[in-house]
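A.B. asks: Fit chain B to the supplied structure of chain V, relying on the hints for placement.
As a plain string of letters, each chain reads:
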Amino acid sequence: MNTPATQTDDAILKVNDIVVRFETPEGAITAVDDVSFGVKPGEFLSVIGPSGCGKSTLFNVIGGLLGNYQGGVSVAGETINGPHQSIGMVFQEESTFPWRSVTDNVAFPLELTGMPKAERIKRAHHFIKLVGLDGFENRYPGELSGGMRQRVSLARTLASEPKILLMDEPFAALDEQTRLLLGDKVLQIQQDLKQTTLLITHNITEAVQMSDRILVMTYRPGKVKRIVNIDLPRPRSSEIVGSEAFGRYVAQIWADLREEASRGMQDAETSARGKNGASS
Amino acid sequence: MTMAAASAPAKRRKPGDVLPAVVGLGSLVGFFLLLELLIQTGVLNRFIIPPPSEIIASFPRIIVEEHVLSRFVLTLTECLTAGVMLTVFGVAGGVLMHRFKLLQEACETWVAAMASAPIVLCYPLFLVIFGRSAWTIIMMGFVSALPPVILKTIEGISGTRKVLVNVGRSFNLTQSQQFWKILFPASLPTIFVGIRLGLIFALINVVGVEFLINFGGLGQLINELAERYDLAGTYAAICFVILVSVLFFMAVEKAERWLTRAN
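Residue numbers (my numbering), protein chains in the order written: chain V, 1 to 280; chain B, 1 to 263.
In isolation and in its complexed conformation, chain V is listed as follows (with noise of 0.2 Å):
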């Protein structure tokens, strides 16, 4: 069930040998070290792993944000160097436009294709009833609630059509149940699309709800300690939160995460401390 094999050879996106330092006033920090995995079409895996592993430098290494880096990311072949069409993007924060319509939010990415209006509009509909907006439309962000906003930032990025969709903790602001009913939604719509999905998050059950693989990250330097193959059935929905087999799964990875987040909580601790010392 546990496999340290990191990289496979029918892979969509492969991401070789990634290490990334920041330089910071204490000196360098390596914030990924030499990390390698391969995400195969169709599949949905989440990368996990306590605060300050990088998780999110990973995101921006993927997604193309961040260039300063060592190693490299191939979609199909086609190795990348920043930001690319094949690669969708749904952020953390609440990143609607809030001067444009859910139905324009939506068409953003065929507008700049210059797909005339009439049938820009008739795509957009058609993926903000993918995620469930019908009926909202005509509405702006600011008359959503959070779940809703980050349903449109999904419908978005969904339109461009992206054959691989990358996302960065996208439930993390929002209360435990709607995180539940939204996640539902992702697997709904991963499956109808077979939409090959990378899923960046600290959410042991949301990982383990919506995963075909867990990449478990140890804690700074953030490297791969252990890839978990989840064996739940499919199709699925949050209702397998109560199962016996996902409790074993959530226990697995708990007790690989928690002595990494201990770590990162003790070296909180004594930078706070080292903060405190210097200032007294």
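Hints in this document: simulated from the structure, not taken from any laboratory.
All residues carry an ideal CB built from backbone N, CA and C; glycine is no exception.
Ranges of calculated distance between the beta carbons of each label pair, as one might list FRET restraints: (1) 259/B to 258/V: 46 to 56 Å; (2) 193/B to 254/V: 43 to 53 Å; (3) 146/V to 116/B: 40 to 50 Å; (4) 175/B to 234/V: 39 to 49 Å; (5) 105/B to 232/V: 53 to 63 Å; (6) 128/B to 24/V: 52 to 62 Å; (7) 175/B to 173/V: 25 to 35 Å; (8) 110/B to 51/V: 40 to 50 Å; (9) 255/B to 36/V: 53 to 63 Å; (10) 17/V to 105/B: 37 to 47 Å.
Some chain B residues well away from chain V (every beta-carbon gap over 12 Å; in silico): (11) 43; (12) 60; (13) 61; (14) 69; (15) 110; (16) 214; (17) 255.
C.D. replies: The following block gives chain B in isolation, referenced to the frame of chain V:
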């Protein structure tokens, strides 16, 4: 998971909705009635503050004899011209300063200092450059109102949430698309704060310079009426300046609502 359609019913105006407007108008009328009473009873000197009834009575006179409407149009035109110029050049200046960091680092402090400087004192210089014409007045209004528009434009663009910029980057936008589709609409509410401030500065300077150089408009009329010691007429003319201000800001508010209707 289909959600119920959310078509909001048309909002009906409740009787309570007009209450603030009624109270506002009522307090204004109450203030003028109190003023009238204090002046008529001799508590306030009528040779310093004319009674509101006299000011109202002087309206037909200043409309017919002093051609207040043509002066009103002149002042309004000067304000609008200065307003359009400061919007165009102020926003463009702010965008340029944000785009070229060296320019911003070199000039931002000077622009901020200019915002609090009494530029109106430079009116003799503007008279030499533009002559005794409406352009001197427009340019005085424009120059003195430029700094807040520039500063707020820089603030608005710099304050655009990073995640929105990253969304643009993730869709591989060009620099021009990034500006027009994300940075500019995201910063519009802040830019409008600058434009509103700029328009206040412009209006004060336009009327002030009309007054100073004695060239047309409501400022000159106020100057003439004050020199004739026609206090009721002076205050009636001031009411027209307030009317210019109200019309001016109603137009800006309309434009702001239209451009930032969802922000």
